[in-house]
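Protein chains in written order, with my numbering: chain S, 1 to 81; chain D, 1001 to 1081; chain A, 2001 to 2145; chain B, 3001 to 3145.
The set of hints was computed from the structure by calculation and includes no laboratory data.
From the three backbone atoms N, C-alpha and C, an ideal C-beta is built for every residue, glycine too.
Treat the hints with care, as some may be off.
Said to hold, decoys possible - Quick look at which bits of chain S chain B covers, simulated, 3 or more residues with Cβ under 8 Å:
#1 1-9
#2 14-20
#3 49-63
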Amino acid sequence: MDVLYFAWVRERIGLPRETVETSAVTVNDLVDELRAREERYAAAFADLGALRVAIDQELADFDARLAGAREVAFFPPMTGG
Amino acid sequence: MDVLYFAWVRERIGLPRETVETSAVTVNDLVDELRAREERYAAAFADLGALRVAIDQELADFDARLAGAREVAFFPPMTGG
Amino acid sequence: MRIAVQQEPFDPAAELRDFGAGDTGAIVTFVGVVRDNEVGDLETMEIEHYPGMTEAALAGIAEEAERRWSLGDVMVIHRYGGLKTGERIMMVATAARHRKAAFEAAEYLMDYLKSRAPFWKKEITRSGAEWVAAKADDEAALDRW
Amino acid sequence: MRIAVQQEPFDPAAELRDFGAGDTGAIVTFVGVVRDNEVGDLETMEIEHYPGMTEAALAGIAEEAERRWSLGDVMVIHRYGGLKTGERIMMVATAARHRKAAFEAAEYLMDYLKSRAPFWKKEITRSGAEWVAAKADDEAALDRW
C-alpha cells in the first residue's frame, strides 16, 4: 500500500511517500503501526484531531476500513483558495 | 419647475420633460394639478402605487414638500442590472 | 472607485486590469448579460435611464458599499440604449481583504442597483414592445441589508 | 466545465472570453490574490497540493454546484508552487440565468474549495516559514450549504 504525507506531516516524517506492508484493518490500525515505528512518526501522528486522511484520493474517517485500498494519504486540514 | 417623465410614464404622457408653473406644496398636490389637465395625465397618474418620484434627482415620497425644488421626475419602479 | 454610465460596450478584462491593486485578497465581479425571453423572440433590450441621477445614485450605492465592507476598490459600469441577446449590460467589481466582504459587497451593489438606480428595461420582440416589470423579489432582496 | 490545477499564472480575461455563452444572464467570478501578512514581510506563499486528488476534488465540487444551481457553465482554476504578494492564486466563475444562483454557486465553490480541496499554504517570511492554519470560520462556512 502506498502511504503519502503532505504539508507539515510530510516535513515531520521526512518523506512524501512510501510503500508500507501492512495487515491493518482500519486507518486507526495503520496509524498505530506507523506510530510504533519511530519517534518522527509518533510526533506526526500525536494529535489525530489535527489530521485528515484520504483513501484512494477520497476523504475518509480514521475508523474507515482499508480493504482494497491502494493509496492512503495523511495531511493537515486543507487551506486552499 | 422642470417635470420629467421616464419609461411608460413618458410614453403615456407623450413627452420626456416640460416646464410647469405651479404653486403645489407637495408632490401629491402637483400630481393632482397634472391629473386635472388632460386624460393622458390622468391615465399616467391613475395608480400612484405603480409610480416613483424623485425631487432634484433623489428618490422621495409623494407627500414630500416641493419648496425649493428645481426638478421633479416621475417613473415606474426601476429595473436596472 | 469607478462609476460609468455609457451607451458603448465595455471590456471587463480591460476594466479589471488595474482593479484592486494594493492590500487585496479577494476580487468578486458580476457581469449581467442580456438573456433571450421565454418565447425566444427578443430583438432588442432597450435601456432607458435618468442622466445625472443615474450617476449620483450609483456613486451613492458604491460609497455605501465601500464604507460598510472597507473595500479596497469598487466599480460599477452600466450601459443604456439598445442591446442584443448575449451583450453585456453591466458589471460590478469589489476588492477586499477577505472573500466574505467581497461577495457581500458585490451582492449589495447588485441588489441596490436593481431597484434604486434609475434604469428601465423595455423588451422589443417580433410581436411588440413591453416594459419589464419590477419584481417583488428584487424589492424584498433589499431587506437583508 | 473547466478545472485546471497548474503552476503557471493564468489570465482571467482569456479564461472568461468564451465563458457562459448560451442562456446566461449572470456571470460571477472570484479571483484570489496573495496578500502580504500582518508584519508585511511575506516573501513567498508556497502552495502544496495532492496531484490526482486535487483535480478529482475540484471536479466533484464543481459538478455538485452545477447540479444544485443549474449552472450554464462553471470554472475552477487553482495554482500551486511559490507565489509572490499580488499574484493571483485561483479563480472560480459561474454562469447562470439569474444573479442569485450565480452568486450562491460561486460562494459554495469557494467555501468547499477552502476546506475540501487538498491544498496547503506555507508562508515564507524573512524570519522563517510557517504552515497556514485552517480557520474554524472556514469549516463553519460549510454548514450553510
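Each hint, compared with the structure:
no., hint, verdict
1, 1-9, "holds (count 4)"
2, 14-20, "violated (count 0)"
3, 49-63, "holds (count 4)"
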